[in-house]
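Trainee: Here is how the chains run, residue by residue.
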Amino acid sequence: MTLHRPESLEDALALLGQGGARLLAGGTDLYPALRDGPPPPALIDLTGVPDLQGIRRDASGWRIGGAVTWRQILRAELPPLFAGLKAAAREVGSVQIQSTGTVAGNLCNASPAADGVPALLALEAEVALAGPEGPRRLPLAEFLLGPRRTALCEGEIVTALHVPDRAGTGGFGKLGARRYLVISIAMVGVVVDWQQGRIAAARVAVGACSPVAVRLGALEAALVGQRATDLRAVVAAAPLPELAPIDDVRASADYRRDAVRPLIHDTLHKTLEVSHVA
Amino acid sequence: MSLDAPLGHIGFTLNGAEVTVPAAATARLSEVLRDQAGAGDVKVGCNAGDCGACTVLLDGAPVCACITAAGQAQGRVIETQAGLVARDADARRLAQAFQRHQAAQCGICTPGMMVSAVALLRERAPLDEGAVADALGGVLCRCTGYRKIIAAVLDASDAPLLTEGGVGASIARLDGWPKVAGTERFGDDVAPGDALVVKAIRAPHHRAAFTFGDLEAYRRQTGLDLILTAADIPGRNAFGVIPGFEDQPVLAETETRFRLEAVAAVVGRAEIVANLPPFPVSYTELPAALIPSEAGAVADLHPGREGNVMCRGHVSRGDAAAAFAASAHVVEGHFSTGFIEHGYIEPEAASARRIGDRVEVSCCTQAPYMNRDGLAGILGLAPEAVRILPTAVGGGFGSKLDLTAQPFVALAAWRLGRPVRMAYSRVESIATSTKRHPSETYMQIGCDATGRITAARFEGTFNTGAYASWGPTVANRVPIHASGPYLTPSYQADSAAIHTHTAPSGAFRGFGVPQSAVAQEQLYDLLAERVGMDRLAFRRLNCLRNGDPTVTGQVFDTGMGIDACLDALAPHWDRALAEAEAFNATSTRVKRGVGIASGWYGCGNTSMSNPSTIRAGITAAGEICLHQGAVDIGQGSNTVILQIFAEALGVPVSAITRIGADTDLTPDAGKTSASRQTFVTGNAARLCGAALRAQILRLGNVSDAAVIHVTPGALELSEGGATRRIALEPGAGPYALEASETYDPPTTPLDARGQGAPYAVFGTAAQMAELEVDLDLGTVRLRHITAAHDVGRAINPLSAEGQIEGGVAQGLGLALMEEFLPGRTENLHDYLIPTMGDVPPVRSILIESGDAHGPYGAKGLGEHCLIPTAPAILNAIAHATGVRIHHLPATPDRVRAALLTAGKTPA
Chain A
1 MTLHRPESLE DALALLGQGG ARLLAGGTDL YPALRDGPPP PALIDLTGVP
51 DLQGIRRDAS GWRIGGAVTW RQILRAELPP LFAGLKAAAR EVGSVQIQST
101 GTVAGNLCNA SPAADGVPAL LALEAEVALA GPEGPRRLPL AEFLLGPRRT
151 ALCEGEIVTA LHVPDRAGTG GFGKLGARRY LVISIAMVGV VVDWQQGRIA
201 AARVAVGACS PVAVRLGALE AALVGQRATD LRAVVAAAPL PELAPIDDVR
251 ASADYRRDAV RPLIHDTLHK TLEVSHVA
Chain B
1 MSLDAPLGHI GFTLNGAEVT VPAAATARLS EVLRDQAGAG DVKVGCNAGD
51 CGACTVLLDG APVCACITAA GQAQGRVIET QAGLVARDAD ARRLAQAFQR
101 HQAAQCGICT PGMMVSAVAL LRERAPLDEG AVADALGGVL CRCTGYRKII
151 AAVLDASDAP LLTEGGVGAS IARLDGWPKV AGTERFGDDV APGDALVVKA
201 IRAPHHRAAF TFGDLEAYRR QTGLDLILTA ADIPGRNAFG VIPGFEDQPV
251 LAETETRFRL EAVAAVVGRA EIVANLPPFP VSYTELPAAL IPSEAGAVAD
301 LHPGREGNVM CRGHVSRGDA AAAFAASAHV VEGHFSTGFI EHGYIEPEAA
351 SARRIGDRVE VSCCTQAPYM NRDGLAGILG LAPEAVRILP TAVGGGFGSK
401 LDLTAQPFVA LAAWRLGRPV RMAYSRVESI ATSTKRHPSE TYMQIGCDAT
451 GRITAARFEG TFNTGAYASW GPTVANRVPI HASGPYLTPS YQADSAAIHT
501 HTAPSGAFRG FGVPQSAVAQ EQLYDLLAER VGMDRLAFRR LNCLRNGDPT
551 VTGQVFDTGM GIDACLDALA PHWDRALAEA EAFNATSTRV KRGVGIASGW
601 YGCGNTSMSN PSTIRAGITA AGEICLHQGA VDIGQGSNTV ILQIFAEALG
651 VPVSAITRIG ADTDLTPDAG KTSASRQTFV TGNAARLCGA ALRAQILRLG
701 NVSDAAVIHV TPGALELSEG GATRRIALEP GAGPYALEAS ETYDPPTTPL
751 DARGQGAPYA VFGTAAQMAE LEVDLDLGTV RLRHITAAHD VGRAINPLSA
801 EGQIEGGVAQ GLGLALMEEF LPGRTENLHD YLIPTMGDVP PVRSILIESG
851 DAHGPYGAKG LGEHCLIPTA PAILNAIAHA TGVRIHHLPA TPDRVRAALL
901 TAGKTPA
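Chains as they are written, first to last, in the UniProt record's numbering: chain A, 1 to 278; chain B, 1 to 907.
Keep in mind the hints are simulated off the structure, nothing from the lab.
Check the hints yourself; a few may be wrong.
Restricting the straight-line Cα-Cα distance to at most 20 Å, the calculated cross-link-like pairs of lysine to aspartate or glutamate (EDC-like) are [claimed, not checked]:
| id | chain 1 | residue 1 | chain 2 | residue 2 |
| --- | --- | --- | --- | --- |
| 1 | B | Lys904 | A | Asp254 |
| 2 | A | Lys86 | B | Glu123 |
| 3 | A | Lys86 | B | Asp134 |
Generate the whole structure from the sequences, applying the supplied hints.
Mentor: In structure tokens form, the structure reads like this:
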């Protein structure tokens, strides 16, 4: 029944290295997963570690600390590149979940339906880890290995996400069976760089339609040079071999395969509207 | 490490006070706030962040306390509903607005709603409906349909309440302030602090045989106080709600019949029960039937119910086969609906203590006297040896009629002589409480060339689960109602309730009628299309009028108000159709549709006695006391019964002291179900008020025109400018004057063909749905519901609106998103109920056609609100898209699949 509350990353790593304790950030995945069981005997609370705080700009882009909450993302001053991440932040659970749930925790929980992942994939985020072997960085796509599986090694902590500074506007689209508090049937994160009414570059990632959310490489390539009016046809024609949806209580696999296209189209289109506003 | 509080303690600022409490830092903050810090206004609905009932402000930000580590609150500022209302001007105004709008019905979600709303109000940003929904969307409510909550947040002000008024006045809820102030006490809020905890041991299979290991060794090893198995039940290990159908064991004896059925219960100190090693039981999974079509292939669940057919229902009139043969148009269809979970935000909870040779059980219940009698049978006691003390009920909708936690706590308290408590987890609640019956229906309806209905045939198979519960009621009620409120000269309806190895299906708002309406009202649209008539006009042509026989041959000379309901919708219908047509002319991907459906529902038990008794007295000191035993589960009986009584007695409601439900103090007002409380108990209250008034008038020898004032120690009777004073003398009992009256609705038994007068009163309704369908995604978005309800007489119109809005929300869930799948959707993130963003504006139109029997002409309303909603939505989807959904829920994947099959997708 111990809750360690380290005040430095070194202390947190040292505690983790002693074994027997699990990491805790917002608790929004950890506690529900207990069902009706007791909490783990020991937890290490990361929310008081200064190194894990804050969203800031550095030489190569943006650093989102490992304890940054969705609420902090929503309230941060960020460029249009992050419009998709902000939109995703608004859709994570509820305002209650967003208050304490962290971006890094969403990644570590590694749900195929994690709302944060497609937006961060489209941002080409990297995951910074600290551990007994020292710090390392992984592209998000290499960090997520499968449902509930990540590349996090024993003794490691996610210290930050790094988002490279890029041109473009982010977008996010979520499909669920009700308005709030809903696990996604499918969701799409995009970043689109519109130049003179054409797409100069696009990154498109889809969640809940494969064991881990994936970028759609062929579609991204096919989108380059297209106008808004071409989007529907391009998306409709793309083969999307990366997707391998399943049937579950939320929707059928066939439906996911089918509905993801209008969702992609709509999300791409939304970035155009944002770009014009910006 | 920050160790500002002593070891094993946590310190924080709670509602302005510095507190330090002993607590495990890894415990859920909700538990610490409730159990250690005395903040009982923090409600636990799911322990998973799915319902938001436990929302508190942590350094000003709304969080779910149930998924926050208590230690993370160390040194921080926590605010809860009760503290906010006591200390914060925004919260005080909000509480006042919640009262003014009747935004709290049962009140269990109110803490989460109000705390979230305070955070929003403090932002001082411009408010509109969207902003309110974004801020409060993480809190689920099952009673209100959210509309009154949105209205209250947008109107948070000190504007005064209407607090006084008799029949017809929208006075604020008389029991409302504790709910908006955070002081209400629900099922899990009343046990003494030293109560032991009961936990059920439940089988993980749909059906299993089981054997126990050494239970006594396990008990000693763990330090438990008691382990209960079937062998420990002193009376009969069987309960039920219908005489002759008591077939559900408290604890399974040799075999479990549905997933998570209890085989044993452990009783001990909370920390022991929370950390138990695996219980010594081994299971052998057995072949199970989960749907009626599989039920014939497994052994009978109950002896004497051959082929697992529990019971059948039948109503016939005329010669349906001949009438179909002579019909100009005949349509037919198969339809199905799934298990629907009640989804009240308060899980079942009870506590008990033994007092001598009696046991007292506090619980959230809809049926105190039925609970009392059921527990007496289980305990082998006389009914008078059991006292039921109903707490506030955090939603019921039918499922809290049946026993759940009560037998466990009663048995344990009886055996141990110590207070015990039990609260169901959300998973236990969903997996083991009763459900709405899944239905598989076939229906055929015919009409003549002019569009007049000639005949209808209905066959319904209802999955009644492992035990009877209210299954016989559903089987009997559906054939009476499956015609809808329409003149149907020839009719044949058959129903069967089939046992399977699933949670028992029981009572849920409408008792099977919402399921049959899904079939009947969709076929009415098809018939209207065949005839080439407007869908509303077709219903108007065929609806029952005063003097018409129903399908059971019952004739109402007054009060059949469905024609008025349909007429009230007509202008809205014309507008909505024109708007949809204009929109669809230019929109290809999103299509708008308008749907209509009617509904009717007989108030009270079907052809069975169901009396209510109300007692009232005036003390020698001049206090008027009303013994009001009709449990208020949020629908408002604590207010409307008093309004009726006050009207009949001729005094203001503020002059009346309500003595709430308690089987030692209040006579039996029956169960809160079947839309019977306003009608049946209301009548008893009217008769009781009138009887007391007559006594008083006789004492003063004044006419009925006299005005009664009750003053300390005396009555003052004013008539014609003169006032007479009558001293109140102490009587033999607690009262100087006393009256008790009983009302039992007049009904007659049904004959072999189901002909007779099953109900004294039918209420009717017609609703209209306007919605949009995204043809590419199959998603449905409701735009408006317009609901016309013949309530006979609205005792409290604002309460009636609240009932309608809440019923509409449940109907919306039935239509679009809800389905309980045993073992799969046992929590509130896989089992979806509508959120604040899903329920559209609801325009309620109250029709007051009066009633021959109801108090001041009032009819019941509770179930009626839900019945037309789902078919109206399905008819609107068909209008928008040309595609008809037969198998619910109409989730995006099903709608899209139907669109693809029909080739109804945009180019």
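Trainee: Any hints this thing doesn't respect? Which numbers, in order?
Mentor: Going through the list in order, the structure violates no hint and respects every one.
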